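Since the structure of chain A is provided, determine the placement of chain B on it from the hints.
If you want the building blocks of each chain, they are given just below.
Protein chains: 2
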Amino acid sequence: MTSREPKQDRSRATRQRLLESTVDCLAEHGWAATTVTVAAEKAGVSRGAAQHHFPTREELITAALEHMFDTRMAEVREEVDEVPVGPGRTEAVITRMVDYFTGTLFKAALQVWTAAAADEALKARIVPLEARFGRAVHRVTVELLGADDTDPATHRLVQATLDMARGLGLADVLTDDSARRKGIVEQWAATLDAALRRAPS
Amino acid sequence: MTSREPKQDRSRATRQRLLESTVDCLAEHGWAATTVTVAAEKAGVSRGAAQHHFPTREELITAALEHMFDTRMAEVREEVDEVPVGPGRTEAVITRMVDYFTGTLFKAALQVWTAAAADEALKARIVPLEARFGRAVHRVTVELLGADDTDPATHRLVQATLDMARGLGLADVLTDDSARRKGIVEQWAATLDAALRRAPS
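Residue numbers (this note's numbering), protein chains in the order written: chain A, 1 to 201; chain B, 1 to 201.
Watch out, some of these pointers could steer you wrong.
Since the list gives no way to pick one copy over another, a pair counts as held whenever it fits inside one copy or between any two copies.
As the list claims (entries may be wrong) - Pairs of lysine to aspartate or glutamate residues, derived as DMTMM-like cross-links and limited to a Cα-Cα distance of at most 20 Å, are as follows:
no. : residue 1 : residue 2
1   : 123       : 176
2   : 123       : 66
3   : 42        : 24
4   : 42        : 186
5   : 182       : 151
6   : 123       : 172
7   : 182       : 149
8   : 42        : 119
9   : 42        : 28
10  : 123       : 177
11  : 7         : 78
12  : 7         : 177
13  : 42        : 20
Because the hints were derived from the structure by calculation, they are not lab data. Note that the coordinates shown come from a computational prediction; the quantities given were computed from them, not determined experimentally.
One chain only, chain A, in its complex shape:
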């Protein structure tokens, strides 16, 4: 960043640094430790500047999850061309979705979801976010698979796949579950492939 950079861009860059630092802090240090002050310090942003952008922790954390989610989904969409067509496509798509559910963003979101379970005000803020994230992940998975989501069986199989991916995400929170997970993803992909070929009527 140089002094010639317009003020508006500097402000946007500061905001973005703060949001990324918030997600990292949530994933690494948990809900209780993630305050505006701590996230600002980790981002190298003054506390005053951070509070100018986000007066409360709830606002900062919600904005951080939304920003990172939208960024991640945009990346997934850009990778569409890299997904192989034909055999191997299903496994490649499931692997991408499982990567999402085992990444830093999921680990950060888990901290917030779990805190919201015992905090009605936070829950009211998070429930619409959960619904939006759920719909977006479902939609992008259907697109990547090239599946016919109007078929009820297909729709449910895609949901089941994402629930499985979410469960794999949770199994990776305390220990590195990657070796076990690899075999499960392969097996699920083969099963889903066979079921999707049968499903559309």
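Then chain B, alone, in the frame of chain A:
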């Protein structure tokens, strides 16, 4: 409880009430709010008696999760005879496992797992518990399904089913997800049935 009850039985009953209250408190009020003092108060047990059984919060919470898990698994085993044989068996078994992952014990465990992600000492205590619970749930699912777990594809399909059930558990933490979940369980049961018939070589 009467005064004629032997002292040992009263002590065991007190301990059990405290463990049940701890799990309820975790599920409802979260990790931070669940202290020995609060759990004792909710159980109608004196703070001194509670601390005699469990000097630290970590000891109380670990014991509570273990006790409730062992109780729940014993109940599942006792219900073996209620599981229908033949068509419908797979769906009945998956429904039972999903019930487990959407119940109070899972919601309590989620609070502890999430806290452990940002607390090395708690993590060291919880990781062996997670491994033991995972193995026990897998074993009882194989038994209920009457599946051949020595077949690698079958083993992975059972794992995938439990990961899906865990993901459904997480989807139920902030909102009642039971309607969506019902369709997913039906669909996956049909898919798993077809896959298990193909799997054993």
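Hints, verified against the model:
1. Within a single copy, residue 123 and residue 176 get their C-alpha atoms only as close as 29 Å, which misses the 20 Å cut-off; across copies the closest is 13 Å, which meets it.
2. In this homomeric assembly, residue 123 and residue 66 come within 20 Å of each other (Cα to Cα) only inside a single copy, at 15 Å, whereas the closest approach across copies is 28 Å.
3. Taking CA atoms no more than 20 Å apart as the test, residue 42 paired with residue 24 passes inside one copy only; the shortest distance there is 9 Å, against 36 Å between copies.
4. When the C-alpha separation of residue 42 and residue 186 is checked against a cutoff of 20 Å, the pair qualifies neither within a copy, at 39 Å, nor between copies, at 47 Å.
5. In the homo-oligomer, the alpha carbons of residue 182 and residue 151 lie at most 20 Å apart only across protomers (17 Å), although the nearest pairing inside one protomer, at 28 Å, exceeds that limit.
6. For the homomeric pair residue 123 and residue 172, the shortest alpha-carbon distance between copies (13 Å) is at most 20 Å, but the shortest distance inside one copy (24 Å) is not.
7. For the identical chains of this complex, residue 182 and residue 149 are inter-copy neighbours only, at 18 Å across copies versus 26 Å inside a copy, given an alpha-carbon limit of 20 Å.
8. Proximity of residue 42 to residue 119 under the C-alpha cut-off of 20 Å is restricted to the inter-copy arrangement: shortest distance 19 Å between copies versus 26 Å within a copy.
9. Taking the shortest alpha-carbon separations for residue 42 and residue 28, only the intra-copy value of 12 Å comes in at or below 20 Å, while the best inter-copy value is 32 Å.
10. Proximity of residue 123 and residue 177 under a CA criterion of 20 Å is satisfied inter-copy only: 15 Å between copies versus 29 Å inside one chain copy.
11. In this assembly of identical chains, the alpha carbons of residue 7 and residue 78 never lie at most 20 Å apart, being 30 Å within a copy and 68 Å across copies at closest.
12. When the C-alpha separation of residue 7 and residue 177 is checked against a cutoff of 20 Å, the pair qualifies neither within a copy, at 45 Å, nor between copies, at 46 Å.
13. Within a single copy, residue 42 and residue 20 get their C-alpha atoms as close as 10 Å, which meets the 20 Å cut-off; across copies the closest is 40 Å, which misses it.
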